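*Asks:* Sequence:
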Amino acid sequence: MNPQAKLIFTISLMLGTTITISSHHWVVAWAGLEINTLAILPLISKSHHPRAIEAATKYFLTQSAASALLLFSSMTNAWHTGQWDITQMTHPMSSLILTSAIAMKLGLVPFHFWYPEVLQGSPLTTGLLLSTIMKLPPITLLFMTSPSLNPTLLTTMAILSAALGGWMGLNQTQIRKILAFSSISHLGWMAIILVYNPKLTLLNFYLYALMTAAVFLTLNSMKVLKLTTLMTAWTKTPSLNAMLLLTLLSLAGLPPLTGFLPKWLIIQELTKQDMAPAATIISLLSLLSLFFYLRLAYCTTITLPPHTTNHMKQWHISKSTNMLIAILTTMSITLLPMAPMILTII
1 MNPQAKLIFT ISLMLGTTIT ISSHHWVVAW AGLEINTLAI LPLISKSHHP
51 RAIEAATKYF LTQSAASALL LFSSMTNAWH TGQWDITQMT HPMSSLILTS
101 AIAMKLGLVP FHFWYPEVLQ GSPLTTGLLL STIMKLPPIT LLFMTSPSLN
151 PTLLTTMAIL SAALGGWMGL NQTQIRKILA FSSISHLGWM AIILVYNPKL
201 TLLNFYLYAL MTAAVFLTLN SMKVLKLTTL MTAWTKTPSL NAMLLLTLLS
251 LAGLPPLTGF LPKWLIIQEL TKQDMAPAAT IISLLSLLSL FFYLRLAYCT
301 TITLPPHTTN HMKQWHISKS TNMLIAILTT MSITLLPMAP MILTII
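Residue numbering for the sequence shown follows full-length UniProt numbering, beginning at 1 and increasing consecutively.
One or more of the hints may lead you astray.
What follows is a list of derived Cβ distance ranges for each label pair [as the list claims (entries may be wrong)]: (1) PRO337 to LEU61: 44 to 50 Å; (2) HIS48 to THR173: 21 to 27 Å; (3) ALA31 to PRO147: 40 to 46 Å.
Quick list of in silico lysine-lysine cross-link-like pairs, BS3-like style, CA-CA up to 25 Å [claimed, not checked]: (4) LYS46 to LYS226; (5) LYS236 to LYS223; (6) LYS6 to LYS223; (7) LYS223 to LYS177; (8) LYS46 to LYS223; (9) LYS272 to LYS199; (10) LYS226 to LYS58; (11) LYS226 to LYS236; (12) LYS58 to LYS177; (13) LYS6 to LYS58; (14) LYS199 to LYS46; (15) LYS46 to LYS58; (16) LYS46 to LYS6; (17) LYS236 to LYS177; (18) LYS226 to LYS177.
Hints were generated in silico from the structure; no laboratory data involved. These numbers were taken from a predicted model, which means no experiment stands behind them. Positions of the beta carbon are idealized from the N, C-alpha and C atoms, including for glycine.
Let the hints inform the model, and build the full structure from the sequences given.
*Replies:* Given below as structure tokens:
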């Protein structure tokens, strides 16, 4: 892709995100989401492969439908209350339509079908954008409207997301699809606590984005897309593989790694809100996603391939150490002792 074109799309992506997260009026927020959608489409389809074009088409159709629903819910609310302010979403039917629209934008169950397919058809760097930056504006809108959302609907969607994200990721061999289902189950954790403590949702999103960025950039530097390729990746960069193992376990939420912090705080808050059964169910469902993280970790460092593989082994990659990967993997592993300081910040 032309560097000037890539620069324009990247700036548009940042602009759309900034417009949405700093807006107070529904139409401005909707415009920011549309700029985001249009900016990411060329980045998804830049390889001109039929699968990439299919992914871009699916993404465009689902995001357009979600944007139309979002505009419809805000218009209905304005019709009933006379308010276009995002924080004044008080009409119950508008809140339900808004929740459905943002769930479609994020890929929450039952609107999750587009997300693994789109991620599978995208390059790893675009997949990173789809998993992190593209989720920030919808989550911000949920954060701003959280007092008027329906807790029962959100809890149901959250538990279903944690279940399906873990269950459907079990038999995948494509790493991008595994990361897509991992994202769906993490969104379940964010949605379940949204009404009770919205700041915890944001904390969970920030830490998830940090760990996912570390995993995507590591896989991108090793040029790994399938589990079979991952099995032979240990020969290229053993130290990077060891860090990938720890980052994956952190993403699974194992103590004493960073990923355990949001899960711990969310379970604590749910228990305070007399939602111990929901906390128990979502904790047990996270064991499903733990299984495929462990399988990824096992393929990364512990397994040697039982037979010679058909693809060419890449024995060398660029020797220039990527500082960003080093910082992200270190933070993905070691932030748990800093929990008190993080909690005072939020």
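*Asks:* Which of the numbered hints above does this structure break?
*Replies:* Those not satisfied are hints 3, 14.
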